[in-house]
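Asks: Read top to bottom, the protein sequences are chains A and B.
Each residue of the first sequence is one higher than the one before, counting from 318 in the working numbering.
Each residue of the second sequence is one higher than the one before, counting from 2 in the working numbering.
A few chain A residues that don't get close to chain B, going by computed Cβ distances all over 12 Å:
#	residue
1	Lys336
2	Asn343
3	Thr428
Here are the simulated SDA-like cross-link-like pairs (lysine to any residue), alpha carbons at most 25 Å apart as the crow flies:
#	chain 1	residue 1	chain 2	residue 2
4	A	Lys369	B	Pro94
5	A	Lys361	B	Lys101
6	A	Lys384	B	Glu42
7	A	Lys353	B	Ser11
8	B	Lys101	A	Ala320
Hint data in this document are derived by calculation from the structure and do not stem from the laboratory.
Beta carbons: idealized from backbone N, C-alpha and C, even for Gly.
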Amino acid sequence: DTAVSQTPKYLVTQMGNDKSIKCEQNLGHDTMYWYKQDSKKFLKIMFSYNNKELIINETVPNRFSPKSPDKAHLNLHINSLELGDSAVYFCASSQTSGTHEQFFGPGTRLTVL
Amino acid sequence: GQQLNQSPQSMFIQEGEDVSMNCTSSSIFNTWLWYKQDPGEGPVLLIALYKAGELTSNGRLTAQFGITRKDSFLNISASIPSDVGIYFCAGQPNTGTASKLTFGTGTRLQVTL
Numbered sequence: 318d319t320a321v322s323q324t325p326k327y328l329v330t331q332m333g334n335d336k337s338i339k340c341e342q343n344l345g346h347d348t349m350y351w352y353k354q355d356s357k358k359f360l361k362i363m364f365s366y367n368n369k370e371l372i373i374n375e376t377v378p379n380r381f382s383p384k385s386p387d388k389a390h391l392n393l394h395i396n397s398l399e400l401g402d403s404a405v406y407f408c409a410s411s412q413t414s415g416t417h418e419q420f421f422g423p424g425t426r427l428t429v430l
Numbered sequence: 002g003q004q005l006n007q008s009p010q011s012m013f014i015q016e017g018e019d020v021s022m023n024c025t026s027s028s029i030f031n032t033w034l035w036y037k038q039d040p041g042e043g044p045v046l047l048i049a050l051y052k053a054g055e056l057t058s059n060g061r062l063t064a065q066f067g068i069t070r071k072d073s074f075l076n077i078s079a080s081i082p083s084d085v086g087i088y089f090c091a092g093q094p095n096t097g098t099a100s101k102l103t104f105g106t107g108t109r110l111q112v113t114l
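Put together the whole structure using the sequences plus the hints.
Replies: If you want it as structure tokens, here you go:
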């Protein structure tokens with residue numbers, strides 16, 4: 318009965334590779350987000366999609382490309398991975414009507430070697 | 002990007018003690034949220050506040066939305082070992098479609114027996 322799920326949980330890869338992280342929510346929400354948490358635990362929004370439409374893009378390098386095939390899924394593809402991309406990436410979702418509270422997934426720890 | 006200032010940065014307390022932490026911003030927010038993050042997990046919503054001056058409780062947790070709308074406080078009464086974790090405040094500037102959350106710097110709580 319996981320509300321927001323992400324795969325994989327851990328991802329270890331070499332510099333220069335391309336990788337994807339997947340996110341799915343079964344809460345019926347219409348808005349989904351990607352956040353990055355660095356080694357100091359700072360959480361920062363990267364992207365937000367509402368009904369498959371990009372609505373927030375927070376000055377993220379264009380090596381990062383989110384894709385939302387439907388409103389229950391938001392994937393993150395990263396090209397040409399760099400050492401500085403190592404972080405924990407969290408997916409979240411919310412509903413625009415009502416309280417807008419955001420619910421987070423368990424995170425994907427990305428390590429770039 | 003903006004980050005909210007949380008204090009204290011970390012706390013070491015004994016089981017049974019009460020805990021207070023706060024969050025301040027240079028900007029006004031219309032919604033304040035408090036999250037807790039356990040190691041290896043995503044942030045979990047504890048309390049949401051929607052009106053200036055609002056005081057809301059969730060079990061042993063009580064949070065307040067500051068009158069100026071630029072701050073919020075979280076209190077935990079009679080702490081127990083499972084309260085250990087990182088507590089984040091988060092503010093939302095508006096209730097529109099793009100409900101961008103700005104997170105605080107976090108308060109790391111350690112509880113000793």
